[in-house]
Amino acid sequence: MSAQDLSTLLWQERQLLELLVFKLEEEQLLLTSGNSRWLHHATSEVEQVLQRLRDTGLARAVHGSAVATDWGIDAGATLRELALSAPAGPWGELLTAHLQAMTALVAQIVALRDSNQHFLKAASRSTQETLAGIGTGPGTYAADGASALGSGHPTLLNKDL
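Count the sequence shown with the UniProt record's numbering and you get residues 1 to 161, in order.
Since the hints were derived computationally from the structure, they do not count as laboratory data. Where a beta carbon is used, it is the ideal one built from N, C-alpha and C, also for glycine. Treat the hints with care, since some could be wrong.
Quick list of the computed label-pair ranges, beta carbon to beta carbon [claimed, not checked]: (1) D74 - E129: 48 to 58 Å; (2) V110 - T69: 28 to 38 Å; (3) T127 - T78: 35 to 45 Å.
Use the sequences and the hints to build the structure in full.
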């Protein structure tokens, strides 16, 4: 396995990271608009991209190990170590560029994940507060045998939210 194969896998991984950023932004737009109808589809798409990233990451690790062995360094070398140990030529610069781009993409992903998690927690809290406010007391009998009804005001729920 050559450094060229490793570079090809790194490009694929970068494209998947960019796709993940897009899918997380798409999910965020659904969350901020309050339109949860399609949220499960967006979440499913994020999970599919994550699975593809796992597969590509595993292939990259295998190729990276082979390249590291070819270059005479530890088979478990990181991408940074590969870039620093690359033989003369373009590989050091190319691997460093991949590392920098992937690091920036991962930072965007972490920020989007945290933001989406915040929106989900807020939506969950709002839903719990709404459900807690619905509480109509139990319809029971009073001590004198008369029926005591719960809250006399009707409650409307929008099930489309």
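For a quick check of understanding: which of the numbered hints are violated here, in increasing order? Per hint list: zero violations.
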